[in-house]
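Just need the whole structure built from these sequences, with the hints factored in.
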Amino acid sequence: MTTIVPIGPFHPLLEEPELFRLHVDGETVVDIEVEIGWNHRGIEKICETKTFDQVPFVVERICGICSACHPTAYVQAVEDLADIEVPERALYIRSVITELERLHSHLLWLGLAGHFLGYNTVFMWAWKYREPVLDICEELTGNRNNYAMLKVGGVRRDLDESLFPSVLERMDDLDKHLNMLVGAVTDDPVLHARLKGVGILTPEAARAYGALGPTVRASGIPIDVRRDHPYAAYDLVDWDVISVDSCDVYGRAVVRLLECLESVKIIRRCLDQMRPGEIDSGVKEIPPGEGIGHAEAPRGETFHYVRSDGTNRPIRHKARAPTYMNLPTCRATTVGESITDATIILASVDPCYSCTERMGVYDASTGQKALDGKQLIKLSQEKTRQLREEMGE
Amino acid sequence: MTANFFIALLRFLIFPGLLFTAVVGLVMSWLDRKVTARVQWRVGPPFLQPFYDIVKLLGKEVIVPAGGSRMAFLGAPLVGLAGATLAATLIGTAAIYGGGGGFRGDIIILLYLLVLPSLAVILGGAASKNPLASVGASREMKLLMGYELPFILVMLVPIIQSGGMLSLGNLLSFQAQHGSFAASLSGVVALVAVLPCLQAKLALVPFDQAEAETEIMGGALIEYSGAPLAVFKLTKAMMLFTAPMFLVVVLWGGFGQTLGSALLGIGKYVALLVLVILLRNTNPRVKIKHAVRFFWGPVTALALIAVLLALVGV
Amino acid sequence: MGLKLKALTKSPWVFHVSAGSCNNCDIEILDCLCPRFDIERFGALLVGSVRHADALLVTGAMNRKSAMRVKKLYDQAPKPCLVLAIGTCACDQGIFRGSYALTTPLDELLPGAVTAYVPGCPPKPEAIISGLVKALQTLQDK
Chain A
1 MTTIVPIGPF
11 HPLLEEPELF
21 RLHVDGETVV
31 DIEVEIGWNH
41 RGIEKICETK
51 TFDQVPFVVE
61 RICGICSACH
71 PTAYVQAVED
81 LADIEVPERA
91 LYIRSVITEL
101 ERLHSHLLWL
111 GLAGHFLGYN
121 TVFMWAWKYR
131 EPVLDICEEL
141 TGNRNNYAML
151 KVGGVRRDLD
161 ESLFPSVLER
171 MDDLDKHLNM
181 LVGAVTDDPV
191 LHARLKGVGI
201 LTPEAARAYG
211 ALGPTVRASG
221 IPIDVRRDHP
231 YAAYDLVDWD
241 VISVDSCDVY
251 GRAVVRLLEC
261 LESVKIIRRC
271 LDQMRPGEID
281 SGVKEIPPGE
291 GIGHAEAPRG
301 ETFHYVRSDG
311 TNRPIRHKAR
321 APTYMNLPTC
331 RATTVGESIT
341 DATIILASVD
351 PCYSCTERMG
361 VYDASTGQKA
371 LDGKQLIKLS
381 QEKTRQLREE
391 MGE
Chain B
1001 MTANFFIALL
1011 RFLIFPGLLF
1021 TAVVGLVMSW
1031 LDRKVTARVQ
1041 WRVGPPFLQP
1051 FYDIVKLLGK
1061 EVIVPAGGSR
1071 MAFLGAPLVG
1081 LAGATLAATL
1091 IGTAAIYGGG
1101 GGFRGDIIIL
1111 LYLLVLPSLA
1121 VILGGAASKN
1131 PLASVGASRE
1141 MKLLMGYELP
1151 FILVMLVPII
1161 QSGGMLSLGN
1171 LLSFQAQHGS
1181 FAASLSGVVA
1191 LVAVLPCLQA
1201 KLALVPFDQA
1211 EAETEIMGGA
1221 LIEYSGAPLA
1231 VFKLTKAMML
1241 FTAPMFLVVV
1251 LWGGFGQTLG
1261 SALLGIGKYV
1271 ALLVLVILLR
1281 NTNPRVKIKH
1291 AVRFFWGPVT
1301 ALALIAVLLA
1311 LVGV
Chain C
2001 MGLKLKALTK
2011 SPWVFHVSAG
2021 SCNNCDIEIL
2031 DCLCPRFDIE
2041 RFGALLVGSV
2051 RHADALLVTG
2061 AMNRKSAMRV
2071 KKLYDQAPKP
2081 CLVLAIGTCA
2091 CDQGIFRGSY
2101 ALTTPLDELL
2111 PGAVTAYVPG
2121 CPPKPEAIIS
2131 GLVKALQTLQ
2141 DK
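Note that the protein sequences, when read in sequence, are chains A, B and C. Counting in my numbering, the first sequence runs from 1 upward without gaps. Counting in my numbering, the second sequence runs from 1001 upward without gaps. Counting in my numbering, the third sequence runs from 2001 upward without gaps.
Do not take every clue at face value.
[Claimed, not checked] With a straight-line Cα cutoff of 27 angstroms, these simulated BS3-like cross-link-like pairs (lysine-lysine) come out: (1) C:Lys2134 / C:Lys2010; (2) B:Lys1236 / C:Lys2004; (3) C:Lys2072 / B:Lys1129; (4) C:Lys2124 / C:Lys2010; (5) C:Lys2124 / B:Lys1129.
[Claimed, not checked] From the structure, some residues in chain C lie toward chain A, with a derived Cβ separation under 10 angstroms: (6) Pro2035; (7) Phe2042; (8) Cys2091; (9) Gly2094.
[Said to hold, decoys possible] On the chain C side, residues computed to face chain B include the following (Cβ under 10 angstroms): (10) Thr2009; (11) Cys2081; (12) Gly2120.
What the hints contain is simulated information worked out from the structure, not anything from laboratory work. A quick note: this is a predicted structure, and the numbers were derived from the prediction, not measured. The beta-carbon is built from N, C-alpha and C at its ideal position, and this holds for glycine as well.
Below you can see the structure in the form of structure tokens.
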């Protein structure tokens, strides 16, 4: 007998609305459906009504936790379109901001993962270490999130050099704490039991689904836009792509933790190598044409496409977020596992729905289909009955 | 006869029954939250927090889910509360009045009474007609079957050691004369084996699968609101008092008759509780499959060893 | 002020509803639970079921799909139940105003239910806590 267990759309597992329908037999998941669109805001259409200089503010709000990566990809698309040279200092600043974001995003994920496992101590500790990163963001950019730093042709604000010593000091602290967390995760036998061998995504499946970011790097495929298609200052500093081949949830956790250490390294080197200079190339006109931009968001590759007809607004803007590619892998990873594991597996791709849902085709009639808990139960009961009839009971 | 009845009623409703256990239990649930907060580098809730929570819930609207069974849905929390109260009354009476407080076979009745709060969760979850609540109820049932076996085995240890005494009062006077069971080898093994069972009885991490907030949104209690939810929370808080107390009385010498021994008894209880709280904060939730395997495997084996040791008399 | 009301102001359990937000506000709400801000000091807990909630923290610009759900969730919550609009989007739809995917703002969706507006993109955790405290004060005034 199969029952449908809804996860979402408003579920404590997800800080954003999303609906997963788990078809379960007892506690085993036999099938999964994903329903997106709870977060769709029509951003691509909004972007067409804004000027090139205003769009970064909109794309920043595609997703709060990727609020440096989306603008980076967008400005790179416009720079690709108009063939703009960006000053070196601006490149370094872009790297610093995106790495700070990766740091707090990965720590956030680690905390939430602990929370999903009922391990609230990990949640609190990871978020405690996340706070200094947000402080640094606030000191350097003026806001804890949504930094408003990126601009076509450069960055909007310079970084204050007098803050660097204290930033570096806090990076040292963070390094220590991160190493402690890595030790805690790799030594905990219960975490091993919960995470190892769970949610297997084979390299073949990862390739077939086109998975990105830590999800695919934990399946032994070391792709990373920062190295494969360098942007900002990633080819000017020395760092490593982290990849493990365990293919499971545990591997995805380890990749993220080790990437945090790499981010600390990148930030240190960038601050060290940064020389005074211009931060903006002063773009005035955007010619007709089209351009693409990539950026490695904490969850994987973010891709933006912009087309211009020579006016001051893009006539088409398209964004693809990493979760759009990573989410469908849940079919490969959750089927055959138990409900208990399904939640952590779904979480292990670090799904970011606000990113994913700007562009899904929206059918007004589906809005009418939104079901409440009672209807869902009814639906689930009906489905069970149907299935029973089909199975000839 | 009437006087006896009134004394029994007072014991049930006020001391050491409902009122006393509720107050102590709520204070202990504050301790639980406070220690948890300190472990997590937080400040934690104020002292009166659990009382505010209960009063607030009592004042809220009660919603019965359509399609659910009204009687079972509203009755289930009361069953749990009654079970926890009666258990607390029996244990408390025996602990205070020593040999005179219990009756023959009350330890067996207690084993049943201590199951009632879990049964109430199963009943309530099943009555609320919510798929997540059913998952919660089925998990609670699996867990119950898992930990009851070693729990009952452990209870054999004091009975064997005392040569077949089946009353709390007699067990206590036996311990007063011969020293507590926990001082013997079999008693220590029994205490170690019963600790995870206690954790599961109190529905605390790593054995809180039935109420796993992040997996099944509060599980069996998902549809509860207002007063019935308050009763569930109260029962849970009372169990925080009753279950460790039961172990202290049965295995660990109880509270004695002097002030010193009473303080020692309270110390033992608090130590047991803090151990439980720390275990809860340093472990992730395990899968229900693993939990049952754990209880039927190592824990049952340990309990059997304790029983065998008791049989050979060490 | 009755005992019930006093208990309510001392123990506001919050349920978090995200209706077309960019998840920044949602993360800052979670941040309120964390060591630096720790709203449990005020007795507030984040609960998993709307049946246990005393306050709904609503974020986001109300897109067509989730607006229906927000209304239903409010109906399912046991009363009295506060509603807080967290973030500029929930207050007035912010930068997304005018998009084809959005319905009415939160206060038109739930007329008369919204107790406090916490603007900001995203509002800082301090602002969210302050909003909650002020919303509870309105209960005391009644």
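Hint-by-hint comparison with the structure:
Note on Lys2134 of chain C and Lys2010 of chain C: the hinted pairing holds, with a Cα-Cα distance of about 13 angstroms set against a maximum of 27 angstroms. Restraint check for Lys1236 of chain B and Lys2004 of chain C: the C-alpha separation of about 22 angstroms stays at or below 27 angstroms, so the hint holds. Only pairs whose Cα atoms come within 27 angstroms are accepted, and Lys2072 of chain C paired with Lys1129 of chain B is accepted, the gap being roughly 18 angstroms. In summary, the hint linking Lys2124 of chain C to Lys2010 of chain C is supported, as the alpha carbons are separated by about 22 angstroms, within the 27 angstroms threshold.
For a cut-off of 27 angstroms, the pair hint linking Lys2124 of chain C to Lys1129 of chain B is broken: about 39 angstroms separates their Cα positions. Residue-level restraint check for Pro2035 of chain C holds (minimum Cβ-Cβ distance to chain A is 4 angstroms; threshold 10 angstroms). Given hint, Phe2042 of chain C at the interface with chain A, is violated; its Cβ is 17 angstroms from that chain's nearest Cβ, farther than 10 angstroms. Violation of the interface hint for Cys2091 of chain C is found here, the shortest Cβ-Cβ separation to chain A being roughly 14 angstroms, above the 10 angstroms cut-off.
Taken as an interface hint, Gly2094 of chain C checks out: its beta carbon lies about 8 angstroms from the nearest beta carbon of chain A, inside 10 angstroms. Nearest Cβ of chain B to the Cβ of Thr2009 of chain C: about 9 angstroms, under the 10 angstroms cut. The hint holds. Given the 10 angstroms rule on beta carbons, the hint for Cys2081 of chain C holds: about 9 angstroms separates it from the nearest Cβ of chain B. About 24 angstroms separates the beta-carbon of Gly2120 of chain C from the nearest beta-carbon of chain B, more than 10 angstroms, and the hint is not met.
Of the hints listed earlier, those the structure fails to meet are numbers 5, 7, 8 and 12, in rising order.
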